[in-house]
Each structure stands twice: as C-alpha cells, then as structure tokens.
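Q: Here is how the chains run, residue by residue.
There are 2 protein chains.
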Amino acid sequence: MSTGQGQKEPESNRVRVDIYGQDYALKGQASVEYLRRVARLVDEQMKEIGEQNPRLDYSRIAVLAAVNIADRYLRLCDEYEDLLRSLERESESRIREES
Amino acid sequence: MSTGQGQKEPESNRVRVDIYGQDYALKGQASVEYLRRVARLVDEQMKEIGEQNPRLDYSRIAVLAAVNIADRYLRLCDEYEDLLRSLERESESRIREES
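Those protein sequence lines, which keep their order, are chains S and P.
Numbering of the first sequence is given in our numbering, commencing with residue 1 and proceeding in unit increments.
Numbering of the second sequence is given in our numbering, commencing with residue 101 and proceeding in unit increments.
Careful, some of the hints might be misleading.
In silico EDC-like pairs for lysine to aspartate or glutamate, Cα to Cα no more than 20 Å straight-line [to be verified]:
#1 S:Lys27 / P:Glu151
#2 P:Lys127 / S:Glu51
#3 P:Lys147 / P:Asp118
#4 S:Lys27 / P:Glu148
#5 S:Lys47 / S:Asp57
#6 S:Lys47 / S:Asp23
#7 P:Lys127 / S:Glu48
Selected chain P positions facing chain S (Cβ under 10 Å, derived; list incomplete) [as the list claims (entries may be wrong)]:
#8 Ile119
#9 Tyr134
#10 Val138
#11 Tyr173
Covered, in the sense of this in silico footprint (three residues per stretch, anywhere, with C-beta under 8 Å from a C-beta of chain P), are these stretches of chain S [claimed, not checked]:
#12 40-50
#13 90-98
Quick caveat, the hints were computed from the structure, so don't treat them as lab data.
The beta-carbon is built from N, C-alpha and C at its ideal position, and this holds for glycine as well.
Given these sequences and hints, build the entire structure.
A: And the structure:
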C-alpha cells in the first residue's frame, strides 16, 4: 500500500478517501474495498480521540490515532507469535508421543 | 493505553516520548518499555513517509503513518483469523478421525 509519490511496485487500485475531514489519495494492489476499510479505521480512531480531547489539533489527533493503532498492531503481533509458539510446542509433543 | 485526558481504567505507567520531533505523554497499564516500542513504531513510520515525501506537512505525514500501520494491523487480523479458522478445521477433522 502506498500513500503518494515514490512507490516502486506495480499498483493498480486508487481511491480518494476522507479521513477526519481531509482528502487523501490511497493506492495499492489491494482492493478498493480494502483501501476504504483501512481509511475507515484511521478515520474512526481520529474521531474517537477528537471527541475525547476536543482541544487537540488535527496533527496531534493523527499521531495519537497512529499510536493507538500501533498499540493494537503490536498486541496482535505478540498474540500471533504466542499462538505460533504454542502450536510449535504442541506439534513437537505430538511427534514425541508418536515416536 | 491512553493518550491524554478522559481515560477511565486504572493506569500506572507514564512516559514522555518524541514522535517525529514533537513531545507526547503516553500512559497505560503496559510497561514503559512497551509504550516506548509503540511510539518508536509511529516515529519510524513517520520518518519513512517524510523521507519519501519531503513536501508533506506534519499532519498529513501523521495520517499516512496511521494509514500504513492500520494496513499492517488489518492484514495481520486477516492472517490471524485465517490461522484460527484452519486450526478449527484441523481439530474438527481430527475429532472425526478419532470417533
């Protein structure tokens, strides 16, 4: 997924989206529907932060939205790795049982 | 994790971080180390976008960083769900084999 100039990989889909009142052009190999889903997540997160902190300016709301989404991403990364590790252990113990 | 005023849950850790040259106060029940890790991901993403698009202003860089992190998050969500679904199918087929 790319957000402006400078990408190298071939990208086919483009979509204009509104994120918290500003216009952005997103492009990527993913479907237009997926690109809109990504934009919607950022927009919703910014709205939530903006409502909780009405005096924050646009750029701080955007950074804090990025922080919250990064938090969700890193938690899921950790959870995913834990699951893979436990599957590995389970598969090792099954191999030992069978041998 | 919280990013300012208005949170309800008990939160113990606070840390001041620099994200792309601006100061932010993050707080959360997670460790200070984890809070810094979250901030670092946003900072790195903003630096990458800022380098690729030197004429973009701070707030657009922040939104596009949020978009890129949201993209990574949603891809991982889909991957995680696919894995859970395939584990479920595997476990069902094992139950059928054993019965």
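Q: Confirm or reject each hint.
A: Comparing the hints with the structure gives:
Pair hint Lys27 (chain S) plus Glu151 (chain P) holds up; C-alpha atoms about 18 Å apart against a cutoff of 20 Å. A distance of roughly 18 Å separates the Cα atoms of Lys127 (chain P) and Glu51 (chain S); the hinted pair therefore holds under the 20 Å criterion. As the CA atoms of Lys147 (chain P) and Asp118 (chain P) are separated by approximately 12 Å, the hinted pair is consistent with the 20 Å bound. Only pairs whose Cα atoms come within 20 Å are accepted, and Lys27 (chain S) paired with Glu148 (chain P) is accepted, the gap being roughly 17 Å.
For the suggested pair Lys47 (chain S) and Asp57 (chain S), the alpha carbons sit about 12 Å apart, so the restraint of at most 20 Å is met. The hinted pair formed by Lys47 (chain S) and Asp23 (chain S) meets the criterion: a straight-line CA distance of about 15 Å does not exceed 20 Å. Restraint check for Lys127 (chain P) and Glu48 (chain S): the C-alpha separation of about 17 Å stays at or below 20 Å, so the hint holds. The interface hint given for Ile119 (chain P) is met, as the beta carbon of that residue sits about 6 Å from the closest beta carbon of chain S, less than 10 Å.
At a threshold of 10 Å, the smallest CB-CB gap from Tyr134 (chain P) to chain S is about 8 Å, leaving the interface hint in force. A hinted interface residue such as Val138 (chain P) counts as satisfied when its beta carbon comes closer than 10 Å to some beta carbon of chain S; here the least separation is about 5 Å, so the hint holds. The closest approach between the C-beta of Tyr173 (chain P) and any C-beta of chain S is roughly 4 Å, which is under the 10 Å cut-off, so the hint is satisfied. Coverage of the region 40-50 of chain S by chain P holds [criterion: at least 3 residues with CB-CB distance below 8 Å; count 5].
Counting residues of the region 90-98 of chain S whose beta carbon lies closer than 8 Å to any beta carbon of chain P gives 0, which falls short of the minimum of three for the stated coverage.
Of the numbered hints stated above, the single one contradicted by the structure is hint 13.
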